[in-house]
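**Q** Sequence:
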Amino acid sequence: VIEIFYDVLALEFVQQLDDIAFKLAKMDVFGKTMQRACTAKCFRAEFESKRLGRSRKLSIFLKAIYFFHLCAMFAGMLYVTVHQMRGDYHHDLITVDFANTIWEGAWVKVPSRLPSSQQYEERTLVYSHFNGVYQKNGTHDGRPVYQETRKFDRRPYEEIVPAEIKYCEDISAWVFVHEDIRKLKSSKKTGCHNWLLRSSETTEFDLLNVVGNWKVWIGVIGKAEVTIATNVCKDEMDCNLNGQCRDGKCSCNHEDGARYLGTHCEVRLRDACGTITGEVHNDTWTVTYLRSWSEDFWSGDELYEEYSRPVYSYVAGHPDWDINAANETSFPFLMYSGDRWFGAHVPRGNTTDEEAIWSAVEYHAFWSELYSTNTILVSDPTTGSTPVGVDFFWIGERGEQYGPWGALYPLQNQTGRGVYRCSGSDA
190 VIEIFYDVLA LEFVQQLDDI AFKLAKMDVF GKTMQRACTA KCFRAEFESK
240 RLGRSRKLSI FLKAIYFFHL CAMFAGMLYV TVHQMRGDYH HDLITVDFAN
290 TIWEGAWVKV PSRLPSSQQY EERTLVYSHF NGVYQKNGTH DGRPVYQETR
340 KFDRRPYEEI VPAEIKYCED ISAWVFVHED IRKLKSSKKT GCHNWLLRSS
390 ETTEFDLLNV VGNWKVWIGV IGKAEVTIAT NVCKDEMDCN LNGQCRDGKC
440 SCNHEDGARY LGTHCEVRLR DACGTITGEV HNDTWTVTYL RSWSEDFWSG
490 DELYEEYSRP VYSYVAGHPD WDINAANETS FPFLMYSGDR WFGAHVPRGN
540 TTDEEAIWSA VEYHAFWSEL YSTNTILVSD PTTGSTPVGV DFFWIGERGE
590 QYGPWGALYP LQNQTGRGVY RCSGSDA
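Sequential numbering from 190 applies to the sequence shown in our numbering.
Don't take each hint at face value.
What the hints assert, rightly or not - Listed next, with one range per pair, are the computed distances between beta-carbon atoms:
hint : residue 1 : residue 2 : range
1    : I249      : K438      : 49 to 57 angstroms
2    : F202      : E558      : 19 to 27 angstroms
3    : H382      : K438      : 32 to 40 angstroms
4    : L397      : E468      : 40 to 48 angstroms
5    : K377      : V203      : 44 to 52 angstroms
Bear in mind the hints are in silico, worked out from the structure with no lab data behind them.
Quick reminder that beta carbons are idealized off the backbone N, C-alpha and C, glycines included.
Let the sequences and hints guide you as you build the complete structure.
**A** See below:
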């Protein structure tokens, strides 16, 4: 609406320029040829002005009609503008993928609930750990603000401070920011000027219409491909034919030997892959059902999933891990993190069952420090539904001379062979 209003003003401006040029031409400013053309007989013809309202009542009536139309136009423009500024015409839920970009050297303030002081420390920032669903929450500079949601159930975080995507008029761009992550330890910049990713310059109101690569901070300014999609479905095709579209949301199927997960039912978990086996140690892993944690909160066959992927818990088979599992000192898991699978020991310590459940509900691959000294396995980047068919690596030495994941030793004896197979099949 605002753009149409500006177009009308621009048209009025051009019309006035045309009238000025015509008068100057008649005054012989642009030469005799232009003067003769503008003083031609056809331009001197006068037309009789006909009054539409010859009576006073009709004249008042017509003026009232014009005034009413003018008020209606401004009221409509005001209504649309107010709702647009509130973000009522924008998507409530979106899914964001930051691809495989890593920044070694981010200054991070650790959340208070974790065993660390409230000081900034240098850590490796894996942008894909912030993949997932973002929910509209308020506005900034006339555009919606999207806040990161939990990887467990896509609801708002209660303890962890979420990342945000918002528009900044100061730099004419959409930005990805987090109030607890800085470019420099001594930096005092906050908000838009502390961006971690930013789009190209735009005035676009709809985030989904922003095109082109984003700039990303990785110690210097780099480029990143950011994928953003709406979570709203219109029909079953938007659910990848793996679910039904109900009230704009996909309800995923569990049939024909497979269960589908994700906002658009894009993740396929075959029943045969509910349990997987590694070919190196013949170790066995199985998906986790929420009812195994507490039947007071969950029932039925709801899966424990993070980042729209099932979480596999260790069963048996590995000689070293069997000892830890028997002593209940730690629990090995295979867990997805946005673009990779990780194998990690989760220490039991003095954690109660309620605290362990809450940690899983509030889980975030970055803030929960999935990659730590307790992490022993890491996969190649993948968008696959399960660890099956993905190459894995044993994490060895760590330090500055190694990559962000340390020294990686392949578990498979052939590249592309993968380590795990579905136990319910010969695959």
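**Q** Is 32 to 40 angstroms right for how far apart the beta carbons of H382 and K438 are?
**A** holds, 36 angstroms
**Q** Between the beta carbons of L397 and E468, is the distance compatible with 40 to 48 angstroms?
**A** Roughly 43 angstroms apart at Cβ, these two residues keep to the hinted range, so it holds.
**Q** Take a look at whether the Cβ-Cβ distance between F202 and E558 falls inside 19 to 27 angstroms.
**A** violated, 59 angstroms
**Q** Falls inside 44 to 52 angstroms, the C-beta gap from K377 to V203?
**A** The hint (44 to 52 angstroms, Cβ to Cβ) holds, given that K377 and V203 are roughly 47 angstroms apart.
**Q** Do the Cβ positions of I249 and K438 conform to the proposed distance bound of 49 to 57 angstroms?
**A** holds, 55 angstroms
Consistency with the previously given hints fails for number 2 only.
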